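Novice: Following the hints, complete the assembly by docking chain B onto the known chain A.
Number of protein chains: 2
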Amino acid sequence: MLQPVTIQGMRILGIDPGTGITGFGVIEADKGKFTMVDGGVIRTPAKQALELRLETIYDNLKEVISDTKPEVAAVESLFFAQNVTTAMSVAQARGVVLLAIIKAGLDHEEYTPLQVKQALTGYGRADKNQIQQMVKTLLNLNEIPKPDDCADALAVAICHAMSTRL
Amino acid sequence: MLQPVTIQGMRILGIDPGTGITGFGVIEADKGKFTMVDGGVIRTPAKQALELRLETIYDNLKEVISDTKPEVAAVESLFFAQNVTTAMSVAQARGVVLLAIIKAGLDHEEYTPLQVKQALTGYGRADKNQIQQMVKTLLNLNEIPKPDDCADALAVAICHAMSTRL
Numbered sequence: 001m002l003q004p005v006t007i008q009g010m011r012i013l014g015i016d017p018g019t020g021i022t023g024f025g026v027i028e029a030d031k032g033k034f035t036m037v038d039g040g041v042i043r044t045p046a047k048q049a050l051e052l053r054l055e056t057i058y059d060n061l062k063e064v065i066s067d068t069k070p071e072v073a074a075v076e077s078l079f080f081a082q083n084v085t086t087a088m089s090v091a092q093a094r095g096v097v098l099l100a101i102i103k104a105g106l107d108h109e110e111y112t113p114l115q116v117k118q119a120l121t122g123y124g125r126a127d128k129n130q131i132q133q134m135v136k137t138l139l140n141l142n143e144i145p146k147p148d149d150c151a152d153a154l155a156v157a158i159c160h161a162m163s164t165r166l
Numbered sequence: 001m002l003q004p005v006t007i008q009g010m011r012i013l014g015i016d017p018g019t020g021i022t023g024f025g026v027i028e029a030d031k032g033k034f035t036m037v038d039g040g041v042i043r044t045p046a047k048q049a050l051e052l053r054l055e056t057i058y059d060n061l062k063e064v065i066s067d068t069k070p071e072v073a074a075v076e077s078l079f080f081a082q083n084v085t086t087a088m089s090v091a092q093a094r095g096v097v098l099l100a101i102i103k104a105g106l107d108h109e110e111y112t113p114l115q116v117k118q119a120l121t122g123y124g125r126a127d128k129n130q131i132q133q134m135v136k137t138l139l140n141l142n143e144i145p146k147p148d149d150c151a152d153a154l155a156v157a158i159c160h161a162m163s164t165r166l
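So the sequences go chain by chain: A and B. Quick note: the first sequence, position 102, residue 102 per our numbering, numbers continuous. Quick note: the second sequence, position 39, residue 39 per our numbering, numbers continuous.
Same shape as in the complex, but just chain A (with noise of 0.2 Å):
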């Protein structure tokens, strides 16, 4: 495992965009201590009109950047293993939740899902399981966040903390 060697008091929010569900966690980085100060999923019906889903997951965004007040954004990368109609559906929600970031005025990195991997538990083929298990140990959680797409989120916050040098 990386150590885990973070600015001071660095507040980050993690996202795993989706249009059917999109992750969010913030976390508090300090001296390599990481706290959880939100998590959570934005979730669309799938029976809504397009244009709809997205604007809930742009407008909560918003508010999420706006109660929580972090100061960087980490998003999980776009990967093209998985089918082309997800990753498409991945795409569009992801160019709303880049221009909530610009729009807030958050500094922005991407991270693979490899990176996410590598950082957390220092090698690339890390199972589900073992990265939560990471993010529920590092953040200091009595259970691993649920669902799967909040954990995934904080995990991208903290692999931007440790990547990120001092």
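If you are wondering where the hints come from, they were derived from the structure by calculation, not from laboratory data.
Copies of the same chain look alike in the list, so a pair counts if it works inside one copy or between any two.
When the alpha-carbon atoms are kept at most 25 Å apart in a straight line, the in silico DSS-like pairs for lysine-lysine are as follows:
1) K136 with K33
2) K103 with K69
3) K146 with K136
4) K103 with K62
5) K47 with K103
6) K31 with K69
7) K146 with K33
8) K69 with K146
9) K47 with K146
10) K128 with K146
Fair warning: this is a prediction, and the values are worked out from it, not measured in the lab.
Specialist: Positioned in the frame of chain A, the structure of chain B alone reads:
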């Protein structure tokens, strides 16, 4: 060709989304006659960070809407034949395009390239040049609008006008 049966004086914004270049065209459809109100493209530099490019698209589109005051937007739908990287790029742009549309309170319809071809030329195998010639003819223009993305956006707007029955 379909008979252009349209709502009187309907103003339609057609959009052909893309991260590098988003085409737009505003037409007025009145009793089966079409006039071009505005048309152009929003270009974003390839070197720029993605979130800045998406912001440029969003902000410029907002301006086009506020300047031209369309009642409805017609957007070219995603098509999956092209390579995944291009499709991703289009999907991200499309996310912010749809957000700009709903934030402006516009109705919105989507049309596949096939639907656009069929509406404008009556058959689905028309080539790009035939479509562009029809755009020029139907809008009574002296030349085919340039660049292609602008002509495509106008074609989508015309397609909507032709598909809308009283």
